[in-house]
Amino acid sequence: MLTSLLPIRDRRDRVIGYAVSSCPDDPRRGGADADGDARRLVDMVGALTRLAGRSLVVPITPAIVRDGAITRFASADAVWLLATESLDDPATRRAVDRLLGVGFHFALQGFPEGEPLPPSLVGSTIVLDAARTPPSALESRVRMLLDAGLRPLVRGVDDRLTRHRVLQAGVPLYCGRILA
1 MLTSLLPIRD
11 RRDRVIGYAV
21 SSCPDDPRRG
31 GADADGDARR
41 LVDMVGALTR
51 LAGRSLVVPI
61 TPAIVRDGAI
71 TRFASADAVW
81 LLATESLDDP
91 ATRRAVDRLL
101 GVGFHFALQG
111 FPEGEPLPPS
121 LVGSTIVLDA
131 ARTPPSALES
141 RVRMLLDAGL
151 RPLVRGVDDR
161 LTRHRVLQAG
171 VPLYCGRILA
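Position 153 (the sequence shown) corresponds to 153 in this note's numbering; numbering is contiguous.
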């Protein structure tokens, strides 16, 4: 499995963590063995944490959350990235609430539409994709998330115009190619 670490930057362009990416890199995109790929990635978290030296955002699947596979990484500086629509499943939502209660951190991929997020997720990171979101919608979604007490992280910030646009919208975190 090809795995890479993409720097997550704050508004001052300081690297504050790394987004772990592997094939497939989108937890919402199914596949023949999405859970198996996620398990292999979770098995690498200890080594990746030591390598990065900073917080990691690690994509996982609902099955990984429900079976408690991440509990062995309680001391790892990791934020577990789960597709937002995964919380529509009551068993996954209960498992997330239980893990939040014992100190695990979750980020959600995709704008939360439908049911409201649990109060336990206030302050969590919501990952939006700049390439899949129209610029006008990106600004309004970022403002809505900030007003709701969430931290938007925009990924796919691969050019100066997009970087300027997301910073103007108030995004506290972004990741993409290095713009020298």
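Calculated directly from the structure, the hints in this document are not laboratory data.
Check each hint, because a few of them may be wrong.
Label pairs and their calculated CB-CB ranges [stated by the list, open to error]:
(1) L167 <-> E115: 27 to 33 Å
(2) R72 <-> A131: 32 to 38 Å
(3) R11 <-> A91: 35 to 41 Å
(4) A74 <-> L161: 26 to 32 Å
Note that the Cβ used here is the ideal one computed from N, Cα and C, for glycine as well.
Do the hints match the structure? See the list:
no.	hint	verdict
1	L167 <-> E115: 27 to 33 Å	31 Å, holds
2	R72 <-> A131: 32 to 38 Å	34 Å, holds
3	R11 <-> A91: 35 to 41 Å	37 Å, holds
4	A74 <-> L161: 26 to 32 Å	41 Å, violated
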